[in-house]
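S.K.: If you want the building blocks of each chain, they are given just below.
Number of protein chains: 4
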Amino acid sequence: MSEILRIGVIGAGRIGKIHGENIARFIPQAKLEGIADIRLTGEQEAWAKALGARIVSRDPQDLFKDPAIQAVVICSSTDTHADLTIAAAKAGKQIFCEKPIDLSIPKVKSALEAVKTAGLTLQIGFNRRFDHNFARIRELTLAGEIGDVQIVKISSRDPAPPPPAYVAVSGGIFIDMMIHDFDMARFQAGSGITEVYAAGAVLVDPEIGKAGDVDTALVTLKFANGAIGVIDNSRKAVYGYDQRVEVFGSKGAAAAENDLPSTVKLSNASGVIGEKPLYFFLERYKDAFINEMISFTSAALNKKPAAVTGEDGLEDMYAALAAAKSLKEKRPVPIDEIRAQY
Amino acid sequence: MSEILRIGVIGAGRIGKIHGENIARFIPQAKLEGIADIRLTGEQEAWAKALGARIVSRDPQDLFKDPAIQAVVICSSTDTHADLTIAAAKAGKQIFCEKPIDLSIPKVKSALEAVKTAGLTLQIGFNRRFDHNFARIRELTLAGEIGDVQIVKISSRDPAPPPPAYVAVSGGIFIDMMIHDFDMARFQAGSGITEVYAAGAVLVDPEIGKAGDVDTALVTLKFANGAIGVIDNSRKAVYGYDQRVEVFGSKGAAAAENDLPSTVKLSNASGVIGEKPLYFFLERYKDAFINEMISFTSAALNKKPAAVTGEDGLEDMYAALAAAKSLKEKRPVPIDEIRAQY
Amino acid sequence: MSEILRIGVIGAGRIGKIHGENIARFIPQAKLEGIADIRLTGEQEAWAKALGARIVSRDPQDLFKDPAIQAVVICSSTDTHADLTIAAAKAGKQIFCEKPIDLSIPKVKSALEAVKTAGLTLQIGFNRRFDHNFARIRELTLAGEIGDVQIVKISSRDPAPPPPAYVAVSGGIFIDMMIHDFDMARFQAGSGITEVYAAGAVLVDPEIGKAGDVDTALVTLKFANGAIGVIDNSRKAVYGYDQRVEVFGSKGAAAAENDLPSTVKLSNASGVIGEKPLYFFLERYKDAFINEMISFTSAALNKKPAAVTGEDGLEDMYAALAAAKSLKEKRPVPIDEIRAQY
Amino acid sequence: MSEILRIGVIGAGRIGKIHGENIARFIPQAKLEGIADIRLTGEQEAWAKALGARIVSRDPQDLFKDPAIQAVVICSSTDTHADLTIAAAKAGKQIFCEKPIDLSIPKVKSALEAVKTAGLTLQIGFNRRFDHNFARIRELTLAGEIGDVQIVKISSRDPAPPPPAYVAVSGGIFIDMMIHDFDMARFQAGSGITEVYAAGAVLVDPEIGKAGDVDTALVTLKFANGAIGVIDNSRKAVYGYDQRVEVFGSKGAAAAENDLPSTVKLSNASGVIGEKPLYFFLERYKDAFINEMISFTSAALNKKPAAVTGEDGLEDMYAALAAAKSLKEKRPVPIDEIRAQY
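Protein chains in written order, with our numbering: chain A, 1 to 342; chain B, 1 to 342; chain C, 1 to 342; chain D, 1 to 342.
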């Protein structure tokens, strides 16, 4: 076992930069060896070099064929994830891939198959499992403090809606936004989802409706272990990024409130005023992005299964597709109904 | 307009005693004139006299036929509510009736018809609307602080399940327990419920399952104004009576936490420990019971519509019946489907 | 032992009315027998009769000489407290007296002597000991949860200053306002105060300074058991009545936050906004006033020492006089230095 | 103006390592050029090289004489601070020096004089001013939200006492521990301290008393602007590092609660349990250490006065010495009395 994991990052957009910097600066057991981006700009090149990247390229193959690189972090556009995963698997690289692997289930399956055949570690970028609050809830459940999980409640609301143009190609609210919450629900329940029922509405922006999507959604979940749950999403909470989870069980309940910029409360003639939640995912999940990469580094170095596997990504996808179908057909949809289609 | 409402209370059980004492002691504009209970005990008689009741009887007719009594508060067993309401209406008394009016919709309708014909005020005992927390949320919504209501979330969990024998005759969790939450949901949304989808499970006590009911339930709501919502119920929260409401809208969100016996927090080597919620409805809704009676008194004296009308009770009933049907048939059920049956 | 304590209330001003109503309506073991007020108005007379008072008079002697009355509650102006206490003691009545007994220590001592000679129960109206929050802290300490008390911190701030004219005759901030906090400090420390050091300033209203008083004060306390403490007072907190206590010890710390009208928080573009504290002492200590009277009733019926004795009142007075002297002479003042003067 | 500040760190102990890593990893405008430690170990050398330090030495002179190095961060033992500050000033380096500059006021003055003569920026390591919570309070005050500051309250308690051997050479609780709080008090009041009165006790560990110190202290403060304040310190809070500040003024009050590892609350049969505060200063002030170095870097690059000057360090020292004298002589001590001694 090598003590340091040498990593190449594919894609130097917003999330690629976060992973690149985290690897270069915060993870003693990882080293940023290279960056590849097919539309590499001068600014990105300078950034990569400042972080000490040895390879800076427009071609991911430059990372795949470099023998020193042991792992790749795939942060390119979604439609390239599956192919890059397969290529990385063939090259024998351990893989961290941003979610989703692909919008097409068969392509996801092909990618997972390639990884499995190669006997590699694949971690999907469901970063919220590594958030201090949500990880703490799961820790309490695993420590027996909650007893049997009976109800899981997740509120997940964005501070502002994406542009309608983005919405149109996003795969819809369930694939684009709630997929994180399906993953959180499965994580917190410690059990798979067996059925979903989705209610949705266009309450934030009529343009989102015109793009064929909803902007407000509420999905009931049934889990294999008998628990039930609910997720609510809104594309726009005026008070900011609202990310809360509650797990209720036979011995207790654990609930996470939002993270705030400070604990300060101002008392004046208007009331007692606390701060709004940290603005958006970059602020709220800053440490979670580091923690997921530490987890991946450790799994890859030790050739152990990832904390969030390709199968997790697939299951979350099934839940999202089932929710979309439920909304359309106005009925509860069993996950197996989706699974059977592929 | 008389300045004092002279009231007779029918039924001197737990809730009857609460209303009797509240009328006698806390409501300057009301006077407790009489108490009737068909199984009147010596203890109840002494209690009634100590409160200054002029009439203490086993026969509600003694209240109906007394000309000084202007209003009755019906707290007898559920199966007597409809008949007593009709009798009270015929006697020209203003009526406060504990929920539900009846488990049979036709009987409810007959009772409402009688009240309507007589041109009287009828208030149903949905006390939670008068809780300081929930009333405050509604006040904020009416003041425009929430904007358009988009999502309503209600958690309502009991500290301990009722005996299975009670469950068997209770009408089930939706009629017996969640009906309060349907009423709260309609109150907070400021809109009627149009459709429900119910998930339920037996997770607390298998005996409840044997009695044909569930003890854990989660119901998705759609409202006429486009908002969506969710209610979760559990028959047993080990930490006590959990009563929370959150209303999310286009301009903000308001959320109520539980009421506690004190604000004290103990910090020690185990953590920072706050108190559990007030134990159960008698403690939590102590002031709400007074406030609803003040509201009724004022409406009756001024011959105005009640804050919670018979139609509200009927609508809540429809929602409960729809939820029960949804659970049984595993599909969303429109309220109109229930309404059309009667 | 009689089961009901028959009480006469002397003084029908604001606090007298509170005690009168509490006795008449909320304390099953007490009965309001009479009301005396030397300036009795028609309104007060009507109020007293509505509460069922048998004797309504301008002469306290009518209460003292009535053989059925076992106890009196003295709520008249401060300058009459000592004489009325002595008269009540001579008449063999159990006594509840609003604080302070007198501004003159010799008069206080005379009154205490009279009560002692007569072998009666005397309770002083330090209502805050009966507040649910502060009583809970003391309960935790007595249960051993705090360990040895090391630091006591009290914040006590009024929503608005009294008129300067009142200030001029009030005895000053330490006698008029902080005396409650000295009592709370002794209660929470479970120990007497041995020395005080006072800092004070005129920051709220220059007129208060002209009246010879300060409006902002901070007093360091040393207790006989070795603990130390601090009280801060302000005559004006724009956010309302601020009443908090913190007790820190070898095994933990307990802290009470303010009571609020509701638990609701409004999240919007400005922040997360909670309610201001309950407005002033009538709202905040509503239940504490009832609880202190229940405590007095029980002590008087059982001929046991009161929860807050005349000696407590005297000790609180010494602390207040020491603080005033400390502020004037700009040095710490031992309580024994004050005690030795009398 | 150069865009990057090239920094040498003197002393590679606990705090030196924190600053070294922060400079190397988190501050884009700073570069770690060298490390010097007179007792440099192999481990420290490896650590310095891994961070990219060009100079790794046992002799601070190697940093002073390097022309590329523009600034030094002095983290060596306290008794070397003044001499190193003077040497750095002579070498024309901008200076960040850990607190205190020296336990001897004349030595502090010599160091400040040298810096002043050289026209350099000197920042003292009072990191708490850069804490997100405390900075937020100050921000609110500066924004006018508090109005005139009237009362400042600071609680500052350690999770565990230092060994008595350390206490004996620490300079005592006021110099060693409360000096941070004097600095915070001046920062929050926006005004100098004019007088202190100290109460102290040995309540945690008798060995601390034998070493001539107290372990529990409470100091009253008077500020030049008329405000008053109080600081309480304990060497041992069983629930962990307790760091709270409250500023009360004419228009409002702002209060900071402790930072916690997560927002999760566990509700069970014992209560509603939150987490203990972050363990100690390394955890709690992790970001504050980064922020203070960013602030220094910016001041040094722009040749502006530091956010915390040498004069601040001197004033805090005066307050600590005055508190020690107050405790010993049992009287309030004006700061000018201390100032006049030097």
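Read the hints as simulated data drawn from the structure, not as lab findings.
Among the hints, erroneous ones may be present.
As the list claims (entries may be wrong) - Restricting the straight-line Cα-Cα distance to at most 20 Å, the calculated cross-link-like pairs of lysine-lysine (PhoX-like) are:
(1) A:116 with A:330
(2) B:251 with A:236
(3) B:325 with A:330
(4) D:31 with C:251
(5) A:330 with B:328
(6) B:286 with C:286
What the hints assert, rightly or not - Restraint-style ranges between C-beta atoms, simulated for each label pair:
(7) C:113 with B:42: 30 to 38 Å
(8) A:39 with D:113: 51 to 59 Å
(9) C:77 with B:142: 52 to 60 Å
Beta carbons: idealized from backbone N, C-alpha and C, even for Gly.
S.K.: If a hint holds in the structure, say so; if it doesn't, say that too.
M.R.: Hint check results:
| no. | hint | in the structure |
| --- | --- | --- |
| 1 | A:116 with A:330 | violated (37 Å) |
| 2 | B:251 with A:236 | holds (10 Å) |
| 3 | B:325 with A:330 | holds (16 Å) |
| 4 | D:31 with C:251 | violated (46 Å) |
| 5 | A:330 with B:328 | holds (17 Å) |
| 6 | B:286 with C:286 | holds (15 Å) |
| 7 | C:113 with B:42: 30 to 38 Å | violated (49 Å) |
| 8 | A:39 with D:113: 51 to 59 Å | holds (58 Å) |
| 9 | C:77 with B:142: 52 to 60 Å | violated (45 Å) |
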